[in-house]
Amino acid sequence: MIAPDLSTNIGPLRLKNPVLLASGTCGYGEELKDLLDLNQLGGIIVKGISIRPRPGNPPPRLAETPCGLLNSIGLENIGIERFIREKLPWLQGLKTSVIVNIFGESTGEYAEMARRLDGVTGIQAIEVNISCPNVDGGIVSGTDPEAAAGVTRAVKRSTDLPVIVKLSPNVTDITKVAQEVASAGADAISLINTVLGMAIDVRSRRPCLARIFGGLSGPAIKPIALRMVWQVVRSVDIPVIGIGGISTYEDALEFLMAGAKAIEVGTATLVQPSSAENILAGIRTYMESNGLHRIGDLHLHI
Amino acid sequence: MIAPDLSTNIGPLRLKNPVLLASGTCGYGEELKDLLDLNQLGGIIVKGISIRPRPGNPPPRLAETPCGLLNSIGLENIGIERFIREKLPWLQGLKTSVIVNIFGESTGEYAEMARRLDGVTGIQAIEVNISCPNVDGGIVSGTDPEAAAGVTRAVKRSTDLPVIVKLSPNVTDITKVAQEVASAGADAISLINTVLGMAIDVRSRRPCLARIFGGLSGPAIKPIALRMVWQVVRSVDIPVIGIGGISTYEDALEFLMAGAKAIEVGTATLVQPSSAENILAGIRTYMESNGLHRIGDLHLHI
Amino acid sequence: MADVIGQVQICPDVFLLTLRADEIAEAASPGQFCMVEVRSHGDMDPLLRRPLSIHRVVGGGEIEFLYRVVGHGTYLLSQHCPGDRLYVLGPLGHGFQIVPGCPAILVGGGLGSAPLLFLAEELARDMVTVILGAPTKEELLCVEQFTAIGHQVLLATEDGSMGRHGLVTDVLSEVLSHGPDPRSCIFTCGPWPMMRAVYDMAHKRGLSCQVSLEARMACGIGLCLGCAVRRQDGQGYLHVCTEGPVFDAERVSWEPRQ
Amino acid sequence: MADVIGQVQICPDVFLLTLRADEIAEAASPGQFCMVEVRSHGDMDPLLRRPLSIHRVVGGGEIEFLYRVVGHGTYLLSQHCPGDRLYVLGPLGHGFQIVPGCPAILVGGGLGSAPLLFLAEELARDMVTVILGAPTKEELLCVEQFTAIGHQVLLATEDGSMGRHGLVTDVLSEVLSHGPDPRSCIFTCGPWPMMRAVYDMAHKRGLSCQVSLEARMACGIGLCLGCAVRRQDGQGYLHVCTEGPVFDAERVSWEPRQ
Ligand SMILES: Cc1cc2nc3c(=O)[nH]c(=O)nc-3n(C[C@H](O)[C@H](O)[C@H](O)COP(=O)(O)OP(=O)(O)OC[C@H]3O[C@@H](n4cnc5c(N)ncnc54)[C@H](O)[C@@H]3O)c2cc1C
Ligand SMILES: Cc1cc2nc3c(=O)[nH]c(=O)nc-3n(C[C@H](O)[C@H](O)[C@H](O)COP(=O)(O)OP(=O)(O)OC[C@H]3O[C@@H](n4cnc5c(N)ncnc54)[C@H](O)[C@@H]3O)c2cc1C
Ligand SMILES: Cc1cc2nc3c(=O)[nH]c(=O)nc-3n(C[C@H](O)[C@H](O)[C@H](O)COP(=O)(O)O)c2cc1C
Ligand SMILES: Cc1cc2nc3c(=O)[nH]c(=O)nc-3n(C[C@H](O)[C@H](O)[C@H](O)COP(=O)(O)O)c2cc1C
Ligand code: FES
Ligand code: FES
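Here the protein sequences line up with chains L, C, D and Y, keeping their order. Just so you know, we're using this note's numbering here: the first sequence kicks off at -5 and counts up by one. Just so you know, we're using this note's numbering here: the second sequence kicks off at -5 and counts up by one. Just so you know, we're using this note's numbering here: the third sequence kicks off at 33 and counts up by one. Just so you know, we're using this note's numbering here: the fourth sequence kicks off at 33 and counts up by one.
If you are wondering where the hints come from, they were derived from the structure by calculation, not from laboratory data. Virtual Cβ for every residue (Gly too), placed ideally from N, Cα, C. Check each hint, because a few of them may be wrong.
Stated by the list, open to error - Part of the chain C face toward chain D, derived, beta carbon under 8 Å:
| id | residue |
| --- | --- |
| 1 | G5 |
| 2 | P6 |
| 3 | T19 |
| 4 | I45 |
| 5 | G50 |
| 6 | L56 |
| 7 | C61 |
| 8 | G62 |
| 9 | L63 |
| 10 | I67 |
| 11 | Q118 |
| 12 | T263 |
| 13 | L264 |
| 14 | P267 |
| 15 | E271 |
What the hints assert, rightly or not - Sample of chain C residues lacking proximity to chain D, with all beta carbon distances greater than 10 Å (derived):
| id | residue |
| --- | --- |
| 16 | C20 |
| 17 | R79 |
| 18 | A105 |
| 19 | R109 |
| 20 | D167 |
| 21 | V230 |
| 22 | I232 |
| 23 | V265 |
| 24 | N284 |
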């Protein structure tokens, strides 16, 4: 038996395997160092950063729902300068791909961050979050195909790093946004970010989150995410990274079978820090026992 | 202690209490007669009917997902004439509100059905399904505000029955559709219908549903539904009926607190046929022990 | 609500669950099924109950289910112990139609013997041939129970470890080659390809054949219309929970499933 | 993975869970917590683990949690029996900072005594006053355990069924009215309004006060940034799981929560 080749190409970015940690659920990597061997994974996408530090939203920021998690963190982060100074050095020691997730309040801010990251050693790609539901105006650029394309173009112009654009699921037609982003030059698309939701605490008679709405993640959203990945894979020519509720290797296989070239593990890491390792091991075993040699062999052609 | 008044007005339609059975999950009522006392409930919304009988989609039509159910029934139904002849007589014997859910392939078909139901005894209202994800073209009128308004106007013109328009969640901005539908004269809005999703069986390496995509229902979608109900309640002046993942009385209270005037129980009835009764009992007890007199008292004003 | 009375592991993946459920036991007939809760109360996942055929009704209001652990739902079910209580809805659906006085041939593959034992017990006084098959001897189920009733029991295993080396359909073909009574009824339950082969043989010889079908179910009582199977006449679909699970095989489309 | 060694119901809603977890027992210090799995393996719901303070470390690598069943998660936890295994992540967070030689006043309301017992044991050789309160006598927890260590234990119940008729803060106010050692440290855990009142008293008298805070947590290890509480200095938020759960009360904003 030949050991399967788990490597996968996300446009110009080569990953040693298709299992990534999703932004906002793995901190800046170091928090996980005793709990998970990051070097085994395809890569890590660090917590979304912005130009200036952001304090985030007032608490409560979390609520649990059936098979799901609502969050309204509000992109709390230390800002791009402190990230480069304080967090990147540790990440540079990793033997896996480091992808930086960026969020801007304007096209200009996105471009500025891309420029700032360009040429910095230890960063293999940028993931552009145009879809955060938890900051004012955050979701707009993710739901308007034109605006999404504008951000994509600006970022592409400002960096030579591979650019992955991360889409919001809170749209009528995800394929339109995907096509615009692809035409605008994105190297890859990742999806989905969280689904806008809310919960009410009937004991206290108040919304569970201080900001009322939050982003839904976890197994509950997996069918929605998988449907959108399936649609986008069939409507653009660039690689697609699948995200949403992936907790087991079977979940990951669903996305790879739908045509995703890689997957990101989000909420599952919060629940069980070593989830990504188990998922990777499960994919490998499945490919071995089904005689599949390459990640692409998993893709269903229907 | 004064017993709480559970009655609620959905525009011109007065319900004895806010608990309804959702279309497509309670058959034509008779199937439940030994399992649930329909006369205790606020009303029943029968399986969606169309002008002509429809065979529905090929199997498999169902798949289970975490805390959710995917279905692609495809509106299998016996058509409006056989419904009136064969199913309505039994429903006429009920002492609860009977609401007929209609689906048309064109605005004309919707109007024709509304006309056909107008004046038929034993029907208290029409629920207009502009949002079925499981039939070709079904979702379009639900995601295009203009088209939704067109269907609403046509139905309103064709009947004197109260008209409830049921919205699809698969849109970027639910408030736009809601506002259009309200301006077009709808007496009430119900939401949400199912969320478009899919699942893949990794053993057989095939999509779980023959039609690949299906509608996601059940507890998994509750946070999405609640968020949309909250948004719509705050953007239109007509009554809103909340639907989506309601399984317990706490779930129902979340929707009533968000401002819904009534709720529909869907998938929960499939799982446990008497769910609606338990939910109703729970609402009553909660109101009693919190000294609330009317359904409207539950509404949070934030 | 039914009390769990027993949960016995029969072979590596197969369990026998006994529930106390007087009303179901009273009303049940062979081929009917129940929707059985698998999760613990208050849990939300897995959402749906699981359909299981009534394997037997035993003295004093008890019902038995014979089931294989194939996924999370049946795994959870196997974790329930005496003392637990489960929601069970049943008996549901249309079972086997017994034609009194006609010889019966029961053909079960693997877990397909689950509903057939109940039938065999009801047929106790008739002429009955039971044909059971499985991949290996270990997976042959209920052989003693069928034998105890006094019926003729013929066995087949794919590895030849017990009975005939081959498939149940090989045995059936031999049985039928002796020119069976034309009033014979075949009753079958098992994997789809097996039932299809059994139907083909019955159809060729003009024998009546009743099949117990499976389909994904959400409600089990006709509410969701999810449990559709194609009709042979092309006129839409049959619903396994209300019109079945046992059907005259002539009504069902045996086209390969997509 | 930790083995469940014991699960004892202490009073109607409160359970004492004992787990075998050598490494956690070895490393734990008072005030730290663990993220404890509540569901059964393979289940998806409830999704998250639950944060619970380490109540005690007992001989031979065992840890105890004292917890109240308040919702579905803690209910499920209470259903786990010896023989079960649970995923447990810990010890997590920053615990109480013991200042050797300084008198300590421990103030616990209701379940707030959970983390204080471990602290009391570590403080065994110091001057310690323990003040415990609850609505009723039945809900006063661990009184014997605190007494057994040899500390002075003062009690208050809201219905007067045991100790002083009133709140723990009434007792604290009396204790402090005697002009306490200015080096005294107050350690407190309990409902937010109680901790706030305790902080106010300490602040007025210039005494150091450490509070053990709660917040909704998803990860417990600094990944999600969900467990934020406002800083007193207005400069954003503290994170309960990594910077706490025990904080110098002067760092925390005591503005009423929205
Ligand atoms: C009327 C009827 C009677 C049945 N009687 C028995 C019986 O007596 N003994 C027995 O062992 N099994 C019986 N089954 C099948 C049983 O319902 C499924 O094995 C069970 O639902 C699987 O649940 P799971 O969560 O363990 O598997 P899942 O994780 O849901 O699925 C695992 C595999 O099992 C198959 N499966 C799942 N659910 C169903 C379903 N509802 N129908 C058919 N296949 C399914 C899927 O294709 C999948 O590949 C019956 C099914 C029906 C419809
Ligand atoms: C660091 C830390 C240590 C803790 N130590 C203990 C302890 O030793 N003993 C103990 O009984 N409890 C402790 N708690 C609280 C405990 O985590 C919650 O009671 C538990 O998570 C509730 O879960 P549930 O599913 O039963 O309730 P849910 O159904 O989730 O909620 C029921 C109620 O409990 C409250 N609640 C739920 N989760 C949390 C949470 N993570 N933090 C705070 N409140 C919550 C909610 O406001 C809600 O009204 C601690 C919490 C933290 C953050
Ligand atoms: C607590 C939390 C914080 C998140 N922060 C970010 C972020 O900073 N940037 C981003 O692009 N996505 C963020 N996400 C979204 C996730 O990366 C992921 O897209 C989403 O959670 C769906 O995947 P999952 O179901 O596996 O969690 C966050 C999600 C969670 C739960
Ligand atoms: C099996 C099934 C069939 C349905 N059929 C219809 C239908 O005919 N017409 C309609 O308007 N909605 C239909 N729905 C949608 C439900 O009425 C409801 O809007 C949706 O399931 C969300 O609610 P729930 O989570 O409580 O099930 C159907 C849902 C299910 C699960
Ligand atoms: S399972 Fe619902 S109709 Fe058959
Ligand atoms: S709980 Fe996740 S950061 Fe504190």
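Hint by hint, here is what the structure shows:
A hinted interface residue such as G5 (chain C) counts as satisfied when its beta carbon comes closer than 8 Å to some beta carbon of chain D; here the least separation is about 28 Å, so the hint is violated. The interface hint given for P6 (chain C) is broken, as the beta carbon of that residue sits about 29 Å from the closest beta carbon of chain D, more than 8 Å. Interface restraint check for T19 (chain C): the shortest CB-CB distance to chain D comes to about 6 Å, inside 8 Å, so the restraint holds. Violation of the interface hint for I45 (chain C) is found here, the shortest Cβ-Cβ separation to chain D being roughly 17 Å, above the 8 Å cut-off.
Because the closest C-beta pair between G50 (chain C) and chain D is about 6 Å apart, less than 8 Å, the hint holds. Here the hint on L56 (chain C) is kept, as its CB sits about 4 Å from the closest CB of chain D, short of 8 Å. This hint holds: C61 (chain C) has a C-beta 5 Å from the nearest C-beta of chain D, less than the 8 Å allowed. The restraint placing G62 (chain C) at the interface with chain D holds, with a minimum CB-CB distance near 7 Å, inside the 8 Å limit.
At about 6 Å, the closest approach between the beta carbon of L63 (chain C) and any beta carbon in chain D falls short of 8 Å, and the interface hint on this residue holds. This hint holds: I67 (chain C) has a C-beta 5 Å from the nearest C-beta of chain D, less than the 8 Å allowed. At a threshold of 8 Å, the smallest CB-CB gap from Q118 (chain C) to chain D is about 21 Å, leaving the interface hint violated. Given hint, T263 (chain C) at the interface with chain D, holds; its Cβ is 7 Å from that chain's nearest Cβ, closer than 8 Å.
Hint status for L264 (chain C) relative to chain D: holds, with the closest Cβ pair at about 4 Å, below 8 Å. About 7 Å separates the beta-carbon of P267 (chain C) from the nearest beta-carbon of chain D, less than 8 Å, and the hint is met. Because the closest C-beta pair between E271 (chain C) and chain D is about 14 Å apart, greater than 8 Å, the hint is violated. Annotated as non-interface, C20 (chain C) brings its C-beta within 10 Å of a C-beta of chain D; the closest such distance is 6 Å.
Its beta-carbon lying about 19 Å from the closest one in chain D, R79 (chain C) satisfies the requirement of being farther than 10 Å from that chain. Under the 10 Å C-beta cut-off, the non-interface status given to A105 (chain C) relative to chain D holds; the minimum distance is some 26 Å. In this structure R109 (chain C) is separated from chain D by more than 10 Å, as the shortest Cβ-Cβ distance comes to about 27 Å. Under the 10 Å C-beta cut-off, the non-interface status given to D167 (chain C) relative to chain D holds; the minimum distance is some 29 Å.
Its beta-carbon lying about 31 Å from the closest one in chain D, V230 (chain C) satisfies the requirement of being farther than 10 Å from that chain. A cut-off of 10 Å between C-beta atoms confirms that I232 (chain C) is not in contact with chain D; the least separation is 29 Å. In this structure V265 (chain C) is not separated from chain D by more than 10 Å, as the shortest Cβ-Cβ distance comes to only about 6 Å. The claim that N284 (chain C) lies off the interface holds: its Cβ sits roughly 22 Å from the closest Cβ of chain D, which is beyond the 10 Å cut-off.
In summary, the structure is inconsistent with hints 1, 2, 4, 11, 15, 16 and 23 from the numbered list given earlier, while agreeing with the others.
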